Structure formats: structure tokens, C-alpha cells
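If you read the protein sequences in the order shown, they are chains Y and S. Letter 356 of the first sequence, counting from 1, is numbered 356 in the working numbering, and no numbers are missing. Letter 119 of the second sequence, counting from 1, is numbered 119 in the working numbering, and no numbers are missing.
No lab work stands behind these hints: they were computed from the structure. All values derive from a computational prediction rather than experimental measurement. Built from N, CA and C at the ideal position, the CB exists for glycine as well. Among these hints, one or two may not hold up.
What the hints assert, rightly or not - Straight line, CA to CA, 25 Å or less: simulated SDA-like cross-link-like pairs of lysine to any residue:
no.: 1; chain 1: S; residue 1: Lys151; chain 2: S; residue 2: Glu67
no.: 2; chain 1: S; residue 1: Lys182; chain 2: S; residue 2: Met130
no.: 3; chain 1: Y; residue 1: Lys334; chain 2: S; residue 2: Glu144
no.: 4; chain 1: S; residue 1: Lys151; chain 2: Y; residue 2: Ser369
no.: 5; chain 1: S; residue 1: Lys151; chain 2: Y; residue 2: Asp371
no.: 6; chain 1: Y; residue 1: Lys401; chain 2: S; residue 2: His206
no.: 7; chain 1: Y; residue 1: Lys78; chain 2: Y; residue 2: Gln55
no.: 8; chain 1: Y; residue 1: Lys332; chain 2: S; residue 2: Lys182
no.: 9; chain 1: Y; residue 1: Lys334; chain 2: S; residue 2: Met130
Claimed, not checked - Here chain Y is said to cover these stretches of chain S; the calculated rule only asks that three of the stretch's residues, wherever they fall, bring their Cβ under 8 Å from a Cβ of chain Y:
no.: 10; segment: 57–71
no.: 11; segment: 175–188
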Amino acid sequence: MEAPSETKAAERSAASGVHAATGLSRLHVEKIAEQAALGAVYDKYRFESFSRLLQLPFPTAGHELWRQTKPEQFAFEKLLSAEALHFALLCWPEKHPCRQKNDVVFSQDTALFTRLLNEIWHGLDGDIKCNPIMLLHSSLVSTACVVQVKKGALLKDALCLSSMMQSEVGAAVPYAIVELEPGSNVTIVDDLDFKEPLFLFPRLEFLIRANACLNFISIQRLGSGSTYLARHRFHLRRDASLRAFHLSLGASLARLDYDCRLYEPGAAAELCALYLADGQRHVDFHPLQEHLAPHCSSNLLCKGVLRDQARGVYYGLIRVAEAAQKTDAYQKNKNLLLSPRAHVDSIPNLEIRANDVKCSHGATAGRVSADELFYLMTRGLSHAQAEQLLVEGFFEDVMAKIADATIHEYVRRLVWERVNHGTDGW
Amino acid sequence: MTNRILEINDLYGGIEGRQILNGISLGIAAGELHAIMGPNGSGKSTLANILAGHPGYSVTSGEVLFEGVDLLSLKPDERARRGLFLAFQYPLEIPGVSIINFLRTAFNTRRTEEIPVLEFRRLLYEKMDMLQMDRSFATRFVNEGFSGGEKKRNEILQMAVLQPKLAVLDETDSGLDIDALKIVAQGVNRIMQNSNPKPAVLVITHYNRILDYLKPDVVHVLQGGKIMLSGGSELALQLEEKGYDSIIEEKGTAVAH
């Protein structure tokens, strides 16, 4: 229905050189390119992205993937003044510089950056060329970094990609590319805890080579007033293994697209996510499990707790290509609503073109059981304590999937602090 | 009379507008064990739920005093912290919450200072050993995947840990095989003997089998939401031999007068 007007807007954009939906002009892009100074190769893709962005319709609220979280909720114009961040690769949790220098390359090494960019643009899925949000991101990138874990390296320390945030940064558009060379094994923690209001628009790209193993924990606990519009992309090769866990606690508006693509046989992904939202927060999680080769498995478990007038959106998709026989893919989303005005839209989807697969999905939303509350209260727990215990219990199976004891405790403490904040709201 | 833990006076109440209790009066002192027996639908579970404060049940008139305090004005958790305990007829499953975590939280609600984790684990293991529960139950999720007997034993474990002043056991005996029944009943006896001050226990049942192991001081016969008859432990035997109707017919009027 809205296609004609979208197309018209795109035509207008193309003619004027200004992107109608965001106000982004070629002049802005040139200025950002100069500030970011990512080199000629990146800028070639940056300007290509901008040209493509101008040609394409930008999502509107009528778009299938933008029906629940609407594009106009995002103040895209803030991104026009996105500032550079300084990335540092540190050990986690101590935050000292990484010692295993021979095993990890952290640089803006032009040759490596160029090789990976070319692969991302030409050797992977075509999304990057036709998804307007990704094109907008590519046009706006204000900081970029590359991490390479060397072939066969087994890193004992967890790493964190820390971005030093100058105070009063209004917006940032970081881009990180992480390559795990064949047979390498690493744990990476991404803990976003800036408290100042901010529009953060990051993209993380993980290239997980044959038989490599990535354990990735991302924690979003931005301050209220912040907007988070992120995309994590995982690209798995033969026998690669991914364990990813996302915890969403902060920001007033948060949308995360979580793209997991299994390109070659034997790849396996275990994905977990938790979100807690209170007040007027809006949290949106869009996981994709795309199977492109036979004998791969992916399993996603996502749980959310919403209270007050918080709004949750889950839009999950398992897509299985015709070639991806013997796929094993599951996704489950469960929500617990702690107030009558909290709301969640949970939409799981399957798109299966192969005929010999095991796939299933499920979604539930429910309230705390009055009988369970009563049972706990007859043992002396107050209503609030009983509710807290039930919320903790609700999260337990997801928590149990974090194998590393230090990370497990860290995540548990963050969740506990949030849940335990009492009935006055989180 | 003054050492009565619980005093129920002319209690009327029910669920969803249906009146089930029709004037119950009853008093229990510390250290006493009373049994309430009655056929299905006589109001036994309604009484238990009203005592514990289930929000689905309502009281239309009458009063309940717990150590002299108006029990009905208190929330379920306040009743529990003052020392009331209900062993559920159908204990609930709480997924993701371990027994040890749940019981330590409950235990701490009765204290100003939290009990150290190790000390609590010792206490819990001691009670589990008494009830012949495998210690691995401590970290299992509350009642999830438990057999009927394990659930009931878990209720008595909670009673043993929380040390109530009054325990109401709502059909704790039903669905138990004879071995489980013995363990549960012995557990209750032990808790009564070892506690100081001794708790009062109100056993609600419609079989007298559990009374082979628990010696009631008083047996009450409930029918139609009213206590028709009260007597010593011999009453339970007579009930079994002759049935509720004939006993009530035979003795009811005499006692009532």
C-alpha cells in the first residue's frame, strides 16, 4: 500500500542528494568521512552505501519488520553529528591490556581491513547492499576497528572491546569487525554501560572461520534517555561454533538485530538473550538464524520480563535454504509480564525451503501465577520478594547456559541488581 | 485457655460466593495435635486456605485469633512470619528456583540478620537427613519433577526448617505409600518433640491411616462446614468402623448439647 509513497520519497532523495527520511546529505557523509579517516577503501563503500540509500525506500511503519518498533521512534537526525570513539582491546574483567599479543591483532591495518571489507561486501549475504538501515550505518560509520584472532590461538583471558566515550557525546556509529582464524577460540565481552543519554548505532561483524569457536557476551545497560539501534552479525564457516548471549537492561529505546548465518556444514550456534524492561522502555529483539548449508544447527532461547508500561518486541526468523538439508534449528521466546499495562508482541517465523530438517519455534507471554505467588507468600516472602524469586527462576535456564563461571556471576549480579531494585521500578 | 495459639470463633466463609464453612469454632494450644476429619466437600481444605490467607477465599463472619492477634487482617506472608505454616495438599512447582535458595529466602524473612550460606546449608542437610531426603534435592527446583510423595516430604522439610508455631497439614497423607507416610509422620513427631516451644499441629485428613503414627490430642469431625463432634483419638477408630453418618447420628446431638 505504502510502496508508491516510499518509492516517491526515494526518487526525491535521489534527485536532491539528500536522504529524505534522515536528512543525511552528501555533504554530511563527506564530513563524517573526513573526521573518521578510515581510508580510501572504506570511503568507497561509504559513498556507495550512501548512493544506494538514496535509491531505496526507507522503512516506514507499514514495513513488516518495522510494524512494532516504528522508524519514526528513532531520532536519526542526531546521527548526523556522530562522533568518533576510541576503541581499545582489553582483557576482561580486569581491563588491563591484552597480553597475548602474538595471538591477537588489533589494528586498523589497511590490508586486513580491506580484505575483510571486500569479503563482507562481496563474499557474504547481500543484505549489506540492500538493507537501508545497514546502508545508513555504512554511510555514517564514525569509528571502526578490526580484531583478528590468529589461527589456532586459544585465548584464556576473555577480551573486551572497550570504547572510550568522551563525555557529552550525543551519538556514535561504531563498526567493529572481528575475525576468528581457523581453529581459534576466544571469549569476547561487550559491556555497554554509558550512563549519559546517547544514540548508539553500532554494528559488529564476526567472521568465524573453520573450526573456530566464539563465545560472545553482549550487555546493553545504557542510561535511560538513550537509543540503541544495533546489529550483530555472525558468519559461521565449516564446523565453526558460536555461543552468544545478549542481556538487554538499559536505554529507553533499544532494537537489536541479531543475524546468525551458517554458510558451511557442521557449523553450530547456541544463542541466548534476556531482556528486562520497566517504565516506558521499549525493547526489540530481531534474531535471524539463516541456514545456508547442510548439517548445521542453531538454537535460540530468548526470555523477557516486562513491567510498568514497558513494551517488548520479539521478531524471530529461522530461514533454511534449499541446500540446507539436515538442519536442526529451534527458537523459543518466553515473556513474563509483571503489570497489566506491560505489553509484548512475540512473532516467531519459519521459512523453510529444504525438506529434510528439524525446525521448531514457540512463543509465550504470561503473567506471574497467582497460585505460585501465594505458595511463596505462605512461607513468609513478601509479594515483592516472591515476584523477584519467580523472575529469577524464569531466567534460570538461560543463565545456566553461560558456562564461564566469572561471566555467569557477573551477568547474574547485573540481573539480580535490576530485579532486586524493588517494586518501585527498576 | 490463655496459651492457645489458635482460636477460631464461629467462622463462616467460602469461595466464589459459595458459603462452605458454617460456623466453625476451634481452639488449639501449643504442643497439641488436633485432627480434623471429614468427608470430601465438608470444608476441610477451605478452612486450611482461609487460615493461610488464600486470596480466592473470603470470610463472611467470625474471627480467627492467632496468639491473640486478628489473623484475618494479616496478609499471607505476615501470617507466615508470625509462625503459621500450611503444608499444601497440592504443592506447587516453582521452575528455576532451587529448594535451598527458596528456603533460605524464607528463613531469612524471620530474622533481622541473614543466615550465612554455609550455616543454612548445614541446617537444611540436617533436616533433610531427618526426613530421609537425598541431599541432592537441595539444589533441585522446588517440586519440579518430584513424585507425589517427594512433594509432600518437601512440605514437611519446609516445616522443619521454618519452625512454625502452628502447622496446618492439609491432607499431607493423601497419595503417600505406607513407607512415605511413616517417614512424613515420624518427621512431624520429631519436629514436635525437638522444638522449643512446641508447635501446635492441625492435621486435616479424610483417612485415619496417618493417625496410626500421629497421636492426636483431639479429633474433630467436620461435616457441612461445621464441627459436628469432637473427641479423643478413639473417635478416629470409631469413624473408620462405623462411618461418618452413623457416628454423627449416634453421638453428634449428645456432644452438641
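Tested hints:
Distance hint between S:Lys151 and S:Glu67 is unfulfilled; the C-alpha atoms sit about 30 Å from each other, more than 25 Å. For the given pair, S:Lys182 sits about 12 Å from S:Met130 by alpha-carbon distance, which is consistent with the 25 Å threshold. Between the alpha carbons of Y:Lys334 and S:Glu144 the distance comes to roughly 19 Å, so the proposed pair stays at or under 25 Å and holds. Straight-line distance between C-alpha atoms of S:Lys151 and Y:Ser369 comes to about 19 Å, which keeps the hinted pair within the 25 Å bound.
For a cut-off of 25 Å, the pair hint linking S:Lys151 to Y:Asp371 stands: about 16 Å separates their Cα positions. Annotation: proposed proximity of Y:Lys401 to S:His206 is violated, straight-line Cα distance about 46 Å (limit 25 Å). Between Y:Lys78 and Y:Gln55 the CA atoms are separated by roughly 22 Å; this keeps the pair inside 25 Å, and the hint holds. Annotation: proposed proximity of Y:Lys332 to S:Lys182 is violated, straight-line Cα distance about 44 Å (limit 25 Å).
Distance restraint check for Y:Lys334 and S:Met130: the Cα-Cα separation of roughly 39 Å exceeds the 25 Å cut-off, and the hinted pair is therefore not satisfied. Coverage of the segment 57–71 of chain S by chain Y is violated [criterion: at least 3 residues with CB-CB distance below 8 Å; count 0]. Requiring three or more residues with a Cβ within less than 8 Å of a Cβ of chain Y, the coverage given for the segment 175–188 of chain S is violated, as only 0 such residues are present.
Checked against the numbered hints above, the structure breaks hints 1, 6, 8, 9, 10, 11 and satisfies the rest.
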